[in-house]
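A.B. asks: Sequence:
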Amino acid sequence: MINKELLQPESIVVIGGSNNVHKPGGAVVRNLMQGGYEGTLRVVNPKEDEVQGIKAFHDARELPPTDLAILVVAAKYCPDYVELLAKEKHVRAFIIISAGFSEETHEGALLEQRILQTCEEYGCALIGPNCIGLLNRWHHSVFTKPIPALNPRGVDFISGSGATAVFILESAVTKGLPFNSVWSIGNGKQIGIETVLEYMDEHFDAERDSLVKLLYIENIADPDKLLYHATSLIRKGCRIAAIKAGSSESGSRAASSHTGAIASSDSAVEALFRKAGIVRCYSREELTTVGCIFKSLELIVKSEEFATATPSWAAANSSLFTLHSPLRVAIITHAGGPGVMLTDALSKGGMQVPPLTGPVADELKSKLLPGSSVSNPIDILATGTAEHLALAIDYCEQKFDEIDAIMVIFGTPGLVKIFEVYDVLHKKIQECRKPIFPILPSVSTAGPEVQEFLKRGHVNFSDEVTLATALTQVMKTPAPAEQNVVVNGVDVPRIRRIIETLPEGWVSPSVVHDLLAAAGIPTVPEFVSEQKDEVLAFAEKTGFPVVAKVVGPVHKSDVGGVALNIRSREVLAAEFDRMMQIPDACGVMVQKMLKGTELFLGAKYEERFGHVVLCGLGGIFVEVLRDVSSGLAPLSYEEADSMIRSLRAYKILKGTRGQQGINERRYAEIIVRLSTLLRFATEIKEMDINPLLADADTITAVDARIRIEK
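Counting from 1, one number per residue, gives the positions in the sequence shown under this note's numbering.
Everything labelled a hint here was simulated from the structure, so no lab data went into it.
Fair warning: this is a prediction, and the values are worked out from it, not measured in the lab.
For glycine and all other residues, C-beta sits at the position ideal for the given N, C-alpha and C.
Please note: incorrect hints may appear among the correct ones.
Unchecked claim - Mimicking DSSO-like on lysine-lysine, the simulated pairs with C-alpha atoms at most 27 Å apart in a straight line are:
hint, residue 1, residue 2
1, K47, K4
2, K348, K654
3, K434, K365
What the hints assert, rightly or not - Restraint ranges, calculated between C-beta atoms of paired labels, are given here:
hint, residue 1, residue 2, range
4, M33, E202, 51 to 59 Å
5, E540, S347, 25 to 33 Å
6, A221, Q660, 17 to 25 Å
7, V443, G336, 37 to 45 Å
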């Protein structure tokens, strides 16, 4: 629970506060005092009469009633302090800085549980244990530095790690990113990241609250809560970016199918973030850069001027800004190399740096120094002045309609002062409707100028490639998905009748065929038998050429259990005899031979997350290239379309070098139908369809496996 005593306490006591500001107890007191806390500050220290000018209590029993207690004492003393303070001193909020709890030992976990039980009994909020504290505009209850600039429109930052939170703050402060609050949840025994988001969502005020949330997550305890409240906040106009650490280890999973070999906890995280509309980041620099992008875009549009967003942003009436997709960028620079690197990075991320030509470009060139270039990047040369920068920005803002955003690279070799240049940049950021991203790399040689620029409320992207990489993540993040289950064309009663009769384990090909048919997923006609005459008869009825596949072994190709393009009865008979000699063979499947682009579609049940659906190129490429996109069932058509378009191989699916593309709409429909099947057949724990054969008109499931667990 989160209460007023935690957020806006009228009185605070630091248990273990000291005069040594190089230790956590002393640093907390110092930060509270330097942060301008206006309530009553108390300290308990049995060995000191006065702590940093504050009269100290030798025993907590001497305290008057207090709202918030910050504990900076050994873990073994914390449960007794919490019980005393909650029961006798009416403390209703605790921040426990101390370590040595569940993160270390079983005994520590028991201490932690005692603290939680006391807090639940007396209705107390609990942050921690094992955290750096809570920082907001009311009180600075942290023991660390830096203390970033705080304002209502700053960023809300929630971290599952104290040390990482400090490093992220370090990264943010150098960029000028302001903060509204910093939450270090530590072990999150009562209040986790999901709880904080829930509170921010349920108490959200668009006029007063921060519109940007940054998250560092080590454990997603409640995926449903995270999904619900993140989605809700984004639809209200917020932007959320997050790092999820510790997602690369897939755990002890048997790779018994293509999906089993690929799916991991990271797939589930990716799917959850996609469904919620959370921008996923992979480093501290990327996270804080995305935060700066959000703040830069927020500056150009007032909160009441909500506009319909592009597919890369939130849905209509819940966006702070409108961006063209793909984003078309003008680069203004006085150094050629950074402009080239930025052009490369933007292009790699799917954005455009369109050439600027024609009379308007010629007119701009005539007003710049001889030797300047306006082709984009616009190079005003190392001798370019503040006036030249202003001129180039004005042309991009007013006369180049093919430009959506402006990136300005301007540093110095330390020979001249450039206050006037950054003054121009400050004014243009305020005036222009197109977003301007300042890239000021000379944080050392032009340190005073950069700091003055940041003090005026701006951010700085000191590295152009990091900016482009972060902007790519922002632009490719889809809007929050609708949560409705699409059942049109899916025979749910039939699916349930089939599932209820099945034993656990991998199901037979005929049952797989029936389940896909019930979901409305087209399948190729097939027949399975251990009798050669029956297999030959089906092939002759279907017509050659056909495909033969061994039934029994999991990976048919690995054991030579697939024969393609069989054109005669004699060849099929020989292949039947050969396949029945393969170990574990229990029959042979024969299908009509089809042609087309091989696609993959699979799903795996992840504990707490539900079914993660994967799509990509099929055949052997699914495991070789591992170019797959993930989504969390149930899926909407918009989500399925986003999954397809995010594949690196999307250009192949689209059609390239004269090759015809696939029917994307049909592929998306099949993805949605599969997700609906999984929604009503939760007993399916693993499945894949590989390949689906696709052309410009149709997509047909050729081979599939389904594992049931009840």
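A.B. asks: Out of the numbered hints, which ones does the structure contradict?
C.D. replies: Violated hints: 1, 4, 5, 6 and 7; rest satisfied.
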